[in-house]
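K.L.:
Chains as they are written, first to last, in my numbering: chain A, 450 to 952; chain B, 450 to 952.
Hints were generated in silico from the structure; no laboratory data involved.
Any given hint could be a false lead.
[Claimed, not checked] Covered stretches of chain A, going by a simulated chain B footprint (3 or more residues, C-beta under 8 Å):
#, segment
1, 515–524
2, 580–587
3, 667–674
4, 781–792
5, 858–866
[Said to hold, decoys possible] Chain A is faced by these chain B residues, among others (derived, beta-carbon under 7 Å):
#, residue
6, Phe465
7, Asp573
8, His802
Cβ coordinates follow ideal geometry from the N, Cα and C atoms, glycine included.
Number of protein chains: 2
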Amino acid sequence: MFETAELGRTVSKAEFRQAEQELHSRILQLQQKLRNSTRSLIIIVSGVEGAGKGEVVDRLNRWLDSRDVQTHAFWDETDEEIQRPRYWRYWRCLPARGSVAIMFGSWYTSPIVNLALGQSDQADLDEEINRINSLEQTLSVDGAIIVKLWFHLPRQIQKQRLESDAKVSKFKKSPLLEDFSKSYDAFLSVSERAIRLSDTGYAPWHIIEASDLRYRDIAMGSILVNCLQEALDDEQEPATNSPARPGHLLDDDDIIAGVLKSGASKTTVLDSVDLSQHLDPASYDEQLPALQEKLGQLAWQLFQQRRNTVMVFEGWDGAGKGSAIRRVTSAMDARLYRVIPIAAPSDEELAHHYLWRFWRHIPRAGHMTIYDRSWYGRVLVERVEKFASKQQWLRSYQEINEFEEQLVDHGTILCKFWIHIDQDEQLRRFKLRQQDPRKQHKITDEDWRNRDKWHAYEEAVNDLVAHTSTSRTPWTLMAGNDKKFARVQILKTICERMALASQ
Amino acid sequence: MFETAELGRTVSKAEFRQAEQELHSRILQLQQKLRNSTRSLIIIVSGVEGAGKGEVVDRLNRWLDSRDVQTHAFWDETDEEIQRPRYWRYWRCLPARGSVAIMFGSWYTSPIVNLALGQSDQADLDEEINRINSLEQTLSVDGAIIVKLWFHLPRQIQKQRLESDAKVSKFKKSPLLEDFSKSYDAFLSVSERAIRLSDTGYAPWHIIEASDLRYRDIAMGSILVNCLQEALDDEQEPATNSPARPGHLLDDDDIIAGVLKSGASKTTVLDSVDLSQHLDPASYDEQLPALQEKLGQLAWQLFQQRRNTVMVFEGWDGAGKGSAIRRVTSAMDARLYRVIPIAAPSDEELAHHYLWRFWRHIPRAGHMTIYDRSWYGRVLVERVEKFASKQQWLRSYQEINEFEEQLVDHGTILCKFWIHIDQDEQLRRFKLRQQDPRKQHKITDEDWRNRDKWHAYEEAVNDLVAHTSTSRTPWTLMAGNDKKFARVQILKTICERMALASQ
Chain A
450 MFETAELGRT VSKAEFRQAE QELHSRILQL QQKLRNSTRS LIIIVSGVEG AGKGEVVDRL
510 NRWLDSRDVQ THAFWDETDE EIQRPRYWRY WRCLPARGSV AIMFGSWYTS PIVNLALGQS
570 DQADLDEEIN RINSLEQTLS VDGAIIVKLW FHLPRQIQKQ RLESDAKVSK FKKSPLLEDF
630 SKSYDAFLSV SERAIRLSDT GYAPWHIIEA SDLRYRDIAM GSILVNCLQE ALDDEQEPAT
690 NSPARPGHLL DDDDIIAGVL KSGASKTTVL DSVDLSQHLD PASYDEQLPA LQEKLGQLAW
750 QLFQQRRNTV MVFEGWDGAG KGSAIRRVTS AMDARLYRVI PIAAPSDEEL AHHYLWRFWR
810 HIPRAGHMTI YDRSWYGRVL VERVEKFASK QQWLRSYQEI NEFEEQLVDH GTILCKFWIH
870 IDQDEQLRRF KLRQQDPRKQ HKITDEDWRN RDKWHAYEEA VNDLVAHTST SRTPWTLMAG
930 NDKKFARVQI LKTICERMAL ASQ
Chain B
450 MFETAELGRT VSKAEFRQAE QELHSRILQL QQKLRNSTRS LIIIVSGVEG AGKGEVVDRL
510 NRWLDSRDVQ THAFWDETDE EIQRPRYWRY WRCLPARGSV AIMFGSWYTS PIVNLALGQS
570 DQADLDEEIN RINSLEQTLS VDGAIIVKLW FHLPRQIQKQ RLESDAKVSK FKKSPLLEDF
630 SKSYDAFLSV SERAIRLSDT GYAPWHIIEA SDLRYRDIAM GSILVNCLQE ALDDEQEPAT
690 NSPARPGHLL DDDDIIAGVL KSGASKTTVL DSVDLSQHLD PASYDEQLPA LQEKLGQLAW
750 QLFQQRRNTV MVFEGWDGAG KGSAIRRVTS AMDARLYRVI PIAAPSDEEL AHHYLWRFWR
810 HIPRAGHMTI YDRSWYGRVL VERVEKFASK QQWLRSYQEI NEFEEQLVDH GTILCKFWIH
870 IDQDEQLRRF KLRQQDPRKQ HKITDEDWRN RDKWHAYEEA VNDLVAHTST SRTPWTLMAG
930 NDKKFARVQI LKTICERMAL ASQ
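Bound-form chain A, shown alone:
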């Protein structure tokens, strides 16, 4: 989920100055409009430690006209608060119509911190998120505009940031910092779940890459302006229950791109894959058989342990999915796995929900199913070719997450690979295929047509990673320009996952 907020986007000083002025005056105009409306504005500022939430709150207070703006920090509960139901402290801070509340920390803070520190369990978090969703829905249908901002930092940058903060001022260092940094993974995996479950149509999350301070502030401002504009333009009663629109990353990118001209925001996760990686033939010849032998043993071991495995192979046409799958299957006893190539659905499959055809092939205990293309077709080809409506593919992120969650809850080992190549490499392979009589059947007019939609697919893959790569069901983006490198890396990844599971 957070991979798409680790792309190293930056904004230059000059660009910042111009955009900042523009945003400042837009925000003041919109605040005036808000003041004369029946709506209120709640800005929730959250994210990892070190992302500069305090600076963000300061910036917001500078941008907004301070009349009718209140900033609330939720520290320890007061005496008055402890004596009443928990949400009383939030209800008393809710802004009146026409005014603004900036929530520095919010109803999200304690459920996330408690679970990350092991003081509660996942069911507690889920229960609390239900409560939060209800509250946000209640406020939103009553006219509140809820803007939820999550500021993200990659591990390495967080570490640097915290260390330099600590040098500058002991005072600013929260006592929890040390724990947080240590439990970066725990905190992120909990946050990811909280965000995913509370990313609703009436109060969506906006994940902002906070490594570059200028990019962070411009992104935040652009998103705020857009949310206010949309809400205040809409003169009707606020939507009672707009369909869950899971995630807005790409939409946000477009919005930020409208403010910035440099295109910093239009990077996708695929740009972060280093396609120059390769493996020399000698190492390949040495590593491949060793890995295959290991895989064969692990498959038997997991059979005995009755653990099942599901593998998903996706990637560009010509990326080498088929040949990678063959390297996997040839390592294992044929009784242990099945390969399910996903082409057009059968009549019976069409008569059911699109996930039904994948549920059918879920392996029994100890077995493995390898999907050659998969349920992700919904958000790849069906999205790009418009076979599915936008509403259909948007909601399928959530459906897919729930499906995969059930797999891993059951104990299934799930590996998802996207094999990435660039356009030049694809062209080279297509031409090779055309020349080779044994491979001509593998290349069709459709493959050529798909090349024109390269950018649409890039966006689709970016969204797919943003929405369906979770800490429990991560995507592996595999550099595929060098086939040998890709095959060995895939086998390695699978062996690692299986070995971990079999312990």
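Dock chain B against chain A, hints included.
P.N.:
For chain B alone, kept in the frame of chain A given last:
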């Protein structure tokens, strides 16, 4: 919640015969229409033991054309099922487009039974209901028509039913029966929560009174016909996310009334209040001071224990709310309670969500707030007078339930009274007020106008009980024709609740 399914509705043999024929042919017509559509039908049959779920399933199979109908009973998981994620067993039973699945037992069964038997906790139930809601939404937006039927029996009738069942046939007696009957309360309170949390716009629950077998079957048939009609008339794509319409009891009553002509279904909970109850003046003079003394002591005791109390008084104009409240307050130290009379909201209150004005007055630890009229105005006067839109008051049931749940989760003692009188008694009291110069100010033109809306208020009270009377936040419907009886009963109820809480 179940109070409105304990009204003793019956259907005569003659009426049954006619309605049954009508329903049978309507169902066959609609099934034919379903067959030619892209929709499928899932009927979930659940409810208390002894309600005749087996008979209902038989009846459904007789009514429907058996081609394209499958009945699924979910007993213990098979080997095949255990080896896969839990919902695999449900996915494999999902009906194809055009066909019907009758689920005898369903995804609801084990979460409810587990919690009722103490094998899981409430957070587990809530988590599972989230999963179920997602599944039902997934299926529903894909075209499935999900009809969820809950058959209810009052405790006494369940007991008789189970005993006579046991006499007729040892074979039909499930081994769980004995446990269930013992844990009737636990089972009902869990079911109530499960129903409440899964009563969504895309898959609402229908609670059916099952004491009279003929009424039960006609009610079921009428609801099924109506659901099919609505869904199949609607040629558009199914709503992706219709607003949660909590409960459909009254709508169902109207639908059933359309099939039956006797009006059996148009009874409301208020009809079940025995207004002939009274107390002679001598007993009143004896009991009142004793109860007041007890209440005074309990109030101090709860102050020391730092437990807070919230009381809600609602009722017809002239029912005696004010005089009942005075009997309560005069028993207690004035530092311990506040009475909040609810009239028109202030400017500041209007600028917030309608619940904000009630949150403000939530008492501190050890204190009590008595609301003279309350947040229920939203679903009473605002509903009847159309101050709130249907969507607004419909969604407020859920908002109110969540608000009250937070109170009781915090440990607040919550008492909710509806003081009931009949129209004649109200008229008598209004006339008395007009004649008494000290009371003339208490009667206005509005009071007279409200009398014309008696039936609308009856429906509103029925819905209010159906939706907001839960095992943790029950309504007390108090017979108020005899004021003395009502006052003593109210004091008794309060003392009992407080005494229980202070233990």
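K.L.:
Report holds or violated for chain B covering the segment 781–792 of chain A, Cβ cut-off 8 Å, minimum 3 residues.
P.N.:
violated (count 0)
K.L.:
Three residues or more, CB to CB closer than 8 Å: is that satisfied between the segment 515–524 of chain A and chain B?
P.N.:
n = 0 at 8 Å, threshold three: violated.
K.L.:
Phe465 of chain B was flagged as interface toward chain A. Is the shortest Cβ-Cβ separation under 7 Å?
P.N.:
violated, 37 Å
K.L.:
Quick one: see if chain B covers the segment 667–674 of chain A, three-plus residues with Cβ-Cβ under 8 Å.
P.N.:
violated (count 0)
K.L.:
For the segment 580–587 of chain A, does the count of residues with a C-beta closer than 8 Å to a C-beta of chain B reach 3?
P.N.:
Per the Cβ count (4), the hint holds.
K.L.:
Given that the segment 858–866 of chain A was listed as covered by chain B, double-check it with a C-beta distance under 8 Å for 3 or more residues.
P.N.:
holds (count 3)
K.L.:
How about Asp573 of chain B: closest beta carbon in chain A under 7 Å, or not?
P.N.:
holds, 6 Å
K.L.:
Given His802 of chain B was flagged as interface, is its beta-carbon under 7 Å from a beta-carbon of chain A?
P.N.:
With Cβ-Cβ at 5 Å, under 7 Å, it holds.
This entry does not satisfy hints 1, 3, 4, 6, going by the numbered hints stated previously.
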